[in-house]
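Novice: Here the structure of chain A is known, so what remains is to put chain B in place on it, guided by the hints.
From first to last, the protein sequence lines stand for chains A and B. If you use our numbering, the first sequence corresponds to residues 207 to 497, in order. If you use our numbering, the second sequence corresponds to residues 166 to 415, in order.
For the record, the hints were derived by calculation from the structure and aren't laboratory data. Do not take every clue at face value.
[What the hints assert, rightly or not] Taking lysine-lysine and the DSS-like style, the derived pairs with C-alpha atoms no more than 30 Å apart in a straight line are: (1) 292(B) to 380(A); (2) 238(A) to 290(A); (3) 231(B) to 380(A); (4) 240(B) to 380(A); (5) 240(B) to 238(A); (6) 273(B) to 380(A).
[Claimed, not checked] From the structure, some residues in chain B lie toward chain A, with a derived Cβ separation under 8 Å: (7) 216; (8) 254; (9) 256; (10) 258.
C-beta atoms are modelled at their ideal positions from N, C-alpha and C, and glycine is treated no differently.
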Amino acid sequence: MRFLSFLISGLSLGSIYAIIALGYTMVYGIAKMLNFAHGDVIMVGSYICFFAMMRYNLPPVVGVILAVIVCTILGMVIERTAYKPLRQAPSLAVLITAIGVSYFLQNAALLLWTSSPKVFPSIIGNGKIQLGELTISHVTLLTVAVCLVIMFVLTWFTGNTRMGKAMRACSEDKGAAQLMGIDVNGTISMTFAIGSGLAAIAGVLLCSAYPTLVPTTGSMPGIKAFTAAVFGGIGSIPGAFLGGLLLGVIETFAKAYISTQLSDAVVFSVLIIVLLVRPAGLLGKVINEKV
Amino acid sequence: MSTILKVDDINVYYGSIHAIKGISFHVEEGEIVTLIGANGAGKSTTLNTISGLLRSRTGSIMLNDKPIDHIPPHKVVEHGLAMCPEGRRIFLQMTVEENLEMGAFTVKDINMDAEKERVFELFPRLKERRNQIGGTLSGGEQQMLAMGRALMSKPHLMMMDEPSMGLAPILVEQIFEIIKSLHKEGTTILLVEQNAQAALSIADRGYVLETGKIVAEGTGAELLASPVIKRAYLGGEREEEPEKDGAYYF
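This is chain A alone, in the form it adopts within the complex (with noise of 0.2 Å):
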């Protein structure tokens, strides 16, 4: 029983990052850049969510959509201001710069909301769900739902439909998407949107789950989404879904079964060991291309 109720609020964290990584393996398949800043704008989001219910009143709805349209702007705004004049510059100058917007986020919300910490107000309550002596909290079950609900709805949006199809090209030959008549820049722009827009759902579930708000809040879930990304494949989104619930699987039970200060070292051990055996990560594809 302890190991069943371990391996839920495993898969809870990991909805959590899998979310994450979603937004760092779409942004990476399609502009082949890491973002960094993926992290902060999960904190950004978070902040907004905090002040519209907890200072404004609002009720968390529309706290959290307010999140949403305001991280979707910014992932837009950092694209065309941070990262679109370097198109062409090498990977290391793009990869500096993300660190650097990272950076800046992080210190305007200091500037802005200061140091001390927030508590993040519950957003469906505290209420539990009893199955025998397993014990399951609403914001575990939200939290599982909702990804698995964006899993497929982003499958089915990157298969289905203009858009998602123009995304699909663009990640991988630009060029001939061009020649096809698909609008890159736009394409990209779209990307980040929708990377930043669930970035900011991954921050309200993640201060829901771990109601302690600061401004580096985002970094260490950042950090740890871009490993599930990287180890479930990056570029697949299937990959960061099952990169992401691994990993929060695997931090629980190291916290559980091995020790709570070991847990992140274990993390990445793991992550080390997959890329040992398979460098593309665990669905990442290798195409043999024919000639």
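Specialist: Then chain B, alone, in the frame of chain A:
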């Protein structure tokens, strides 16, 4: 007959390298026009400039009497230009059908199934493999897919960059047969080729490019018969020593 494409005095640079030096040519409706020349003569650069991926510093490019040299590449497609790029550039992770659908990305009110059937009639092999992932096709099949994809938008002008590159001789023959049948159906084609012999024998007219300039032009038959072209590109009998200036490599 009306002029589909009119390229007038374009100059293209890669940084400080002057790659295209004042080229002018035109393509009439229903024609196959070929640009031939050695490696580095500027053939692909010319096509990429027409499709908007590169910019000319001077002159103009008109498609159906509308200037297309200052609009972004993804908008050029909407004006009726389709490009079958060098190295095929199909989407390797998409199925054959998805690749074809990408070709009609900009076309509104399209009967997708009817268009696909039209392409499948030209390329029965693609129909057999319609659900296969692009990356698993052979080189020849990928070339067919690239051509089919370009045809999906029913272009006014189809540009092909080295469709025979890297293919076995028997497949090259097949590809040229298909180009001929497209021509018969009335498709206007601008063909860039290193395989000058094959290109000239199916082309209505041809232009010979050399280090960024047009050095000869004429009908396909005229160019095929021209001794200069024969010596330089067709590997005809060579009485003198090959040029010493290193301009010709083949």
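Novice: Honestly, which of those hints from before does the structure not fit?
Specialist: none
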